[in-house]
Amino acid sequence: MLRAFLWSVDRLSMIAALAAGLLLAAAMVVTVEMIFLRYAFRAPTIWQTDFVVFSATAAVFLGAPYVLLTRGHVGVDVIELMAAPPLRRALGLAGALLGLVFCLAMSVASLIFFHEAYVNEWRTSSVAAIVLWVPLLPLPLGFILLSLQYVAEIARRLTGEFGDAK
1 MLRAFLWSVD
11 RLSMIAALAA
21 GLLLAAAMVV
31 TVEMIFLRYA
41 FRAPTIWQTD
51 FVVFSATAAV
61 FLGAPYVLLT
71 RGHVGVDVIE
81 LMAAPPLRRA
91 LGLAGALLGL
101 VFCLAMSVAS
111 LIFFHEAYVN
121 EWRTSSVAAI
131 VLWVPLLPLP
141 LGFILLSLQY
151 VAEIARRLTG
161 EFGDAK
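Okay, so the sequence shown: first residue is 1 according to my numbering, each after it adds one.
Hints may contain errors.
[Unchecked claim] Quick list of the computed label-pair ranges, beta carbon to beta carbon:
#1 128 / 42: 16 to 22 Å
#2 60 / 123: 20 to 26 Å
#3 19 / 108: 44 to 50 Å
#4 78 / 22: 54 to 60 Å
#5 158 / 82: 33 to 39 Å
Just so you know, these hints were derived from the structure itself, not from any lab.
Here the structure is a predicted model, which means the values were calculated and not measured.
Each residue gets a CB set at the ideal place from its N, CA and C atoms; glycine is no exception.
With the hints as extra help, turn the sequences into a complete structure.
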């Protein structure tokens with residue numbers, strides 16, 4: 001059962017990372033298109049800036065679980081490396097637990113924020129007047145996936161199963 005959970009969470013993180021990569025690629029294409037329209041044709045851009053900002057931000061939140069999965073985050077681990085293995089394990093577990101608590105709190109807060117935007121039909125103040133619940137959706141989704149990935153990380157640390165996610 002644990003292996004199935006770990007496998008599922010890892011695959012969800014990989015799917016979210018793929019979506020994050022596609023969002024970043026789309027943001028780059030739209031940025032080039034926006035620059036071309038502005039300088040080649042002197043045409044105004046209406047929706048492009050909002051799209052680039054929201055898609056790049058969404059990519060950060062959706063890509064975070066994969067970064068945790070692959071241990072791709074930047075860390076200062078000098079003290080941890082100098083510690084004895086039992087202390088190193090305890091430090092890693094404590095860090096994962098604190099990360100989980102933070103992500104759970106942010107999941108709840110971002111779900112509340114998303115719900116308010118959806119119910120109150122909040123829109124951007126730009127000319128495009130985009131409904132805000134659409135670009136806000138990656139926040140709770142990313143934090144929920146990151147929380148699940150932290151649970152998987154904690155399970156791996158407790159069971160000693162640091163197997164590759166591939």
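Status of each hint after checking the structure:
1. 128 / 42: 16 to 22 Å: Given a distance of about 19 Å, which is inside 16 to 22 Å, the answer is holds.
2. 60 / 123: 20 to 26 Å: Roughly 23 Å apart at Cβ, these two residues keep to the hinted range, so it holds.
3. 19 / 108: 44 to 50 Å: Taking Cβ atoms as reference, residue 19 and residue 108 lie about 23 Å apart, which means the hint is violated.
4. 78 / 22: 54 to 60 Å: This hint is violated: roughly 36 Å between Cβ atoms.
5. 158 / 82: 33 to 39 Å: About 23 Å separates the Cβ atoms of residue 158 and residue 82, which means 33 to 39 Å is violated.
This entry does not satisfy hints 3, 4, 5, going by the numbered hints stated previously.
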